[in-house]
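Colleague: As given, the protein sequences belong to chains A and B, one line each in that order.
Per numbering that gives the first Met the number 0: the first sequence = residues 0 to 412.
Per numbering that gives the first Met the number 0: the second sequence = residues 0 to 263.
Please keep in mind that the hints were generated in silico from the structure rather than gathered at the bench.
All C-beta atoms in this analysis are idealised placements derived from N, C-alpha and C, irrespective of residue type, glycine included.
Hints may be right or wrong, so weigh each one.
Stated by the list, open to error - Covered, in the sense of this in silico footprint (three residues per stretch, anywhere, with C-beta under 8 Å from a C-beta of chain B), are these stretches of chain A:
{"id": "1", "stretch": "194 to 207"}
{"id": "2", "stretch": "222 to 234"}
As the list claims (entries may be wrong) - Between beta-carbon pairs, the in silico distance windows are:
{"id": "3", "chain 1": "B", "residue 1": "Pro-40", "chain 2": "A", "residue 2": "Glu-337", "range": "38 to 46 Å"}
{"id": "4", "chain 1": "B", "residue 1": "Pro-41", "chain 2": "A", "residue 2": "His-106", "range": "41 to 49 Å"}
{"id": "5", "chain 1": "A", "residue 1": "Glu-233", "chain 2": "B", "residue 2": "Pro-41", "range": "20 to 28 Å"}
{"id": "6", "chain 1": "B", "residue 1": "Glu-185", "chain 2": "A", "residue 2": "Glu-356", "range": "30 to 38 Å"}
{"id": "7", "chain 1": "A", "residue 1": "Ala-381", "chain 2": "B", "residue 2": "Gln-204", "range": "35 to 43 Å"}
{"id": "8", "chain 1": "B", "residue 1": "Pro-40", "chain 2": "A", "residue 2": "Asp-210", "range": "18 to 26 Å"}
{"id": "9", "chain 1": "B", "residue 1": "Pro-41", "chain 2": "A", "residue 2": "Thr-237", "range": "41 to 49 Å"}
{"id": "10", "chain 1": "A", "residue 1": "Ala-370", "chain 2": "B", "residue 2": "Pro-40", "range": "23 to 31 Å"}
{"id": "11", "chain 1": "A", "residue 1": "Phe-221", "chain 2": "B", "residue 2": "Glu-53", "range": "19 to 27 Å"}
{"id": "12", "chain 1": "B", "residue 1": "Pro-234", "chain 2": "A", "residue 2": "Asp-229", "range": "31 to 39 Å"}
{"id": "13", "chain 1": "B", "residue 1": "Ala-118", "chain 2": "A", "residue 2": "Thr-237", "range": "50 to 58 Å"}
{"id": "14", "chain 1": "B", "residue 1": "Ala-63", "chain 2": "A", "residue 2": "Glu-233", "range": "26 to 34 Å"}
{"id": "15", "chain 1": "B", "residue 1": "Arg-56", "chain 2": "A", "residue 2": "Gly-24", "range": "46 to 54 Å"}
Claimed, not checked - Some, not all, of what chain B presents toward chain A, calculated at C-beta under 10 Å:
{"id": "16", "residue": "Glu-42"}
{"id": "17", "residue": "Gln-45"}
{"id": "18", "residue": "Pro-48"}
{"id": "19", "residue": "Glu-52"}
{"id": "20", "residue": "Leu-154"}
{"id": "21", "residue": "Pro-158"}
As a plain string of letters, each chain reads:
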Amino acid sequence: MTTKLPPPRPKDPTKRTRLPTRPPGNRSREAHGLTAMAAAGRFALQTCADCGTVQYPPRQVCGNCLGDRLQWRDVSDGGRLLAETTLAHSNDLFFRDRLPWRLGVVHADAGPSMVAHLAEDCIAGARVRLALSIDRAGNAVVTARPEHPTPNPEDDRQLREMTFDPKDRRVLIVDGKTELGLALVRAFAGAGARQVYVGHAQPWRRSPHLDAAREIDAATLFPLDVTDTDSVEELAATIGDKVEILVNNAYHLRMGGAVGRMDLNTAHDEMAIHYHGLLRLAGHFGPVMRARGADGAHGAAAWVNLLSAYAWANNPALGTYSASQAAALSLSHCLRAELAEGGVRVVNAFLGPIEDEWHQLAPPPKLDPAAAARRIVAGLKAGVEDIPIGAVAEEILARRAENPKEIERGIGL
Amino acid sequence: MTETDDTGLLAGLLAGIAGGGIRVVDLTMTLDRHVPTIVLPPEMGQSWPFRMEEISRYDHRGPATYWNNFSCGEHTGTHFDAPIHWISGKDLPGNATDTIPPALFVAHACVVDCSEEAAADPDYLLTVDRVAAWEAEHGAIPPRSWVLMRTDWSLKSDPVQYLNMDETGSHTPGPDADLVAWLIEERDVVGFGCEAVGTDAGQAQHFAVPFPCHHMMHGNGRFGLPALTNLDQLPPTGAVVIAAPLKIRRGSGSPVRALALVEA
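For reference, chain B alone in the conformation it holds in the complex (with noise of 0.2 Å):
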């Protein structure tokens, strides 16, 4: 292809986002010192919250540069969670940031509207009867596409609304554990992804197999890509969503900067 082709396939889909019919969604959270990560028991190791140092800005540390040095866990924000992160992927091929193939972090959407029971229930879970209703409107979710819950949940700017926390933890939405096996045997899916801060129900510490999301979708080298925004831009079938973590060595996961492309 040369520089003046353009009936190539990127030149189409540039051409596309240049205004030719493909909507770019930003599915990202802003990152700052109030996004909130997981709230864990304090005697646990913990994630270290976003936060951000000014290097210099146009200052005597610095005449010509604004810059940051900012810390945070790998979990934080909107971010990308890799099979090593839980202990059943963690002898997995390619189950790292560095070594999963990059192909992986491109993949076709479904979007389950799910924001009617999660303004009705916090603790609402995902089915496979709900799913299947939802493929009986818009078809069989077709292999390698995330599944995106969304539930409006991010709409919550009030991290303590947002986190929902009461004595028996969290209360936000996520998916029913027979759900997320179905997904991975029969759907064959790439991941689960959601607006809530983890991919686990607030409460799936409680379930009978704890976090079902986490544990078997990494267990069979699925991700996860939890607190997600904007999913009500996107069609039920059809985005295509880029979500690369950044290359860390043995990394479990990273803020992502996560896109959408929509067939306007």
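The following block holds chain A by itself, in its conformation from the complex (with noise of 0.2 Å):
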């Protein structure tokens, strides 16, 4: 069983933040390869289309026959712990933070000895479950953990470095006043977040599910309009420094192109929702969070960006919306690289329609709002980096990824 981290206690206002540090960083571009399967959460390696043999590390050629044909493929995640040891010194700032630190080689059931990081309970000549996880530097690496699963997996010190489990975290859901809102405080509060802020605006309007989020033991309730820039940088200096995991869900959503219904304020709204705001977000949250990235064992961990499935392809019934969130995930990237530097993690949920007042021409299938939440909790217990949820944003990916002019022609899903 895992070692249970200790609850955080209240910071000592005399002791200095531990400033954040990278694990070695540079890849080759056949490296990044494992990156992008880590990304998706698959277990993924390079395989030789000629002879068969699987590759670990990627490789321009095959290591058996030299051919060139090298394909990423699924393959069984099992494997053996050949050997464990205990690092106690390192000259890499990052691990020397963090020592002792337990690396192992294993073989795994694919063919290839790799080594990997090891969850607690990983014992020698035992059975593992092999992962691609992203390391703070935003690398792909192979962790491994226990063939059956042992309590407390959430509390691994080491695998926390490349996860970021809700647990005794700080959560902030930046908009309460939606059917997703509330799920995502249910989620994240059910999951163990040891406090859930939630952002509400137009405190004019009413919303039931705001008042639901209210009676929520973790949740604690803050005005925040992401369209204001005074609103969000108010919540950043009264909440900032606590954050943890941020859930960027704003959205606005209404029906809509470039030529048929051509409304300059309405694209101009999801723009300042979508795109502004997480700008907004990411000027006033982002500096803190980055600062915090190795804060003890509960320091800043991610950002979770919501986004739509048609930030990929255009829907053009949707189109200025498409747009903005194209321009959101395109601010997502810039994130991602500035907050590396920090080791929080950017993570970006993709969704299809989901079952809300404003779907409601969609037509089925549409998301239920507390599976999308499950979902993106569960991805980020699993450390992945893209998470589409549900059918239309996983077809959408897999016919991007075939043929991005057939998804651009054939988006009316």
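Two chains, each in its own frame: build the complex with the hints.
Modeller: This is the structure:
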């Protein structure tokens, strides 16, 4: 069983906050193939199309037959831990801060042997389950967990560096007034978040969802309007140095495209919330979160953007909405690069139409907000970077990977 | 008139303002991010709220200057409603902020104190009978006057209380439909002003003619002046209101700095 982390205590104001450091960062282009697989939560390795040999680490030509037709394939994630060791010394600043650190060599069922970061309960000689995780530098690394889960995996000191379990962390849900916002508050509170800060704009508009969120023990409500710079600044000044997971779920969905309904005011409102809103949050919450990336076992960990799957491919029925989501997606990549300096990870969840009042005319299948929220929490626990949620998002992602021109023309799903 | 002539009409005015018995009362709300705008169903077109972004503050963006960009709808905070704002006034001559004769921006004001009624009933409607009673005390409303409805509503600094919304909409005081017609036809007012977010009562969308103050005032070339403050500092008659909207081409209104000149 994993040693339980001591619950977070109020911070000692006389102690210096440890500055964030990053594990070694440079990877080859081939190695970033692993990053792509890790980002999607897949355990996939290069496989030679000629001789079938599974490769690790990634390379340009097959280590067995020198063939250059190496393809990324999902492979068995089983393996056996051959040997393990505990680092007591490191010249790398990141690991020096975190010693001792356990590593091991795993013989993967897929073929290769690989060095892996070990969960506490991995025992030499025993079976393990492998995963590709993303480390604090944003690169894929191999992690190993016991084949059969043991108690308290969320407390694993080493693996918490690569995942974002909400347990004992303080979470900001930017908009608590929607079905999805309430579902997120419930999901994070249910996952053991120590505090769930819930933002709400336009206090004169009532929301049964906010009323329900108010009743949740871990929840505290704060005024927050992402279209208002002063409002974002004010909340960041109030709780910015406590937020360890920020969930930006503010959205503004209206039907219409560029020709059939050219409405700049609506387009402006979409950009004000999806793009400028994200920018305001980034400008005011980003610096302090980045500085707290190494603030103990419960330091700032992740920034989650809830985006539409139409950020990938414009749906003309929601033309300006899709465009504003694409702008937010692009900005999230900027944010990812900047927050990576503090070891804080940007996670994007991509949603298809959800079951809410604004998607009334969208044809099924529509996402249940509670299921979407659970999927986001599960993605954080697993440490993935991109989370397509629901059939529509998964289909768009798959078709876009296959043929971007086809999805561009046939988005009318 | 020469510079030294202190006997002219304006010289008297200036001397009065400079401590000679004329007070200048600010009737204007502060424009900031909290200033409420009218709440409409979310699927309708929405007026932008007041927002401000710094251009520079004596820093790398402008070492010697502090200034801002701001954005808002035309009908934000204390503002002027021009006749073109309503469909009933869309074809009138001189109906927009750039074409209204500027002399109309300076007018006498009659202030009807409804603060007790509004405190007792947020849906209070000002009626012809109530204004007739006011006239019995203060004299008939002179032609080309503003009628300003004092409710002390502007003292509600919390936007939620100010807008006073429930599932049937907003609950704020305003004029009765018959009064609006009477003020136009019988008293030739220049317009109607009040302290709530709009010149019509909060529940006016449910009236037989929805939004009668907008519909009739603007349909007859009259103006609106909502979201006023400090009406408690004005006498029932005798104040002069200066409320000039920005000269926006085809503007339907604009935030104003509304001032009243009051003889002490």
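Colleague: If a hint holds in the structure, say so; if it does not, say that too.
Modeller: Now the hints, each set against the structure:
Closer than 8 Å: that is the beta-carbon criterion, and the stretch 194 to 207 of chain A has 4 residues meeting it against chain B, so the requirement of 3 holds. Counting residues of the stretch 222 to 234 of chain A whose CB lies closer than 8 Å to any CB of chain B gives 6, so the stated coverage by that chain holds, three being the minimum. For the pair B:Pro-40 and A:Glu-337, the beta carbons lie near 39 Å from each other, so the given range of 38 to 46 Å is met. Taking 41 to 49 Å as the suggested C-beta distance range, the pair B:Pro-41 and A:His-106 does not conform, at roughly 59 Å.
For the hinted restraint 20 to 28 Å between A:Glu-233 and B:Pro-41, the CB-CB distance of approximately 25 Å keeps it satisfied. Between B:Glu-185 and A:Glu-356 the CB atoms are about 47 Å apart, so this pair departs from the stated range of 30 to 38 Å. Between A:Ala-381 and B:Gln-204 the beta carbons are some 50 Å apart, a value that contradicts the proposed interval 35 to 43 Å. Range check, B:Pro-40 to A:Asp-210: about 20 Å between beta-carbon atoms, so the 18 to 26 Å window is met.
Checked against the given bound of 41 to 49 Å, the beta carbons of B:Pro-41 and A:Thr-237, roughly 28 Å apart, lie outside it. As the Cβ distance of A:Ala-370 to B:Pro-40 is approximately 29 Å, the hint placing it in 23 to 31 Å holds. At about 23 Å, the beta-carbon gap between A:Phe-221 and B:Glu-53 stays in the expected band of 19 to 27 Å. Against the hinted window of 31 to 39 Å, the Cβ-Cβ separation of B:Pro-234 and A:Asp-229 comes to about 38 Å, which satisfies the hint.
A beta carbon spacing of about 34 Å between B:Ala-118 and A:Thr-237 contradicts the range 50 to 58 Å that was offered as a hint. In this structure the hint that B:Ala-63 and A:Glu-233 lie 26 to 34 Å apart at CB holds, the actual value being about 28 Å. For the pair B:Arg-56 and A:Gly-24, the supplied restraint of 46 to 54 Å is violated, since their beta-carbon distance comes to about 37 Å. Here the hint on B:Glu-42 is kept, as its CB sits about 8 Å from the closest CB of chain A, short of 10 Å.
The beta carbon of B:Gln-45 is positioned within 10 Å of a beta carbon in chain A (closest approach about 7 Å), and the interface hint is therefore held. Interface restraint check: B:Pro-48 against chain A, minimum CB-CB distance 7 Å, threshold 10 Å, status holds. For B:Glu-52, the suggested interface contact is upheld, since its CB lies about 6 Å from the closest CB of chain A, less than 10 Å. Nearest Cβ of chain A to the Cβ of B:Leu-154: about 17 Å, over the 10 Å cut. The hint is violated.
This hint holds: B:Pro-158 has a C-beta 6 Å from the nearest C-beta of chain A, less than the 10 Å allowed.
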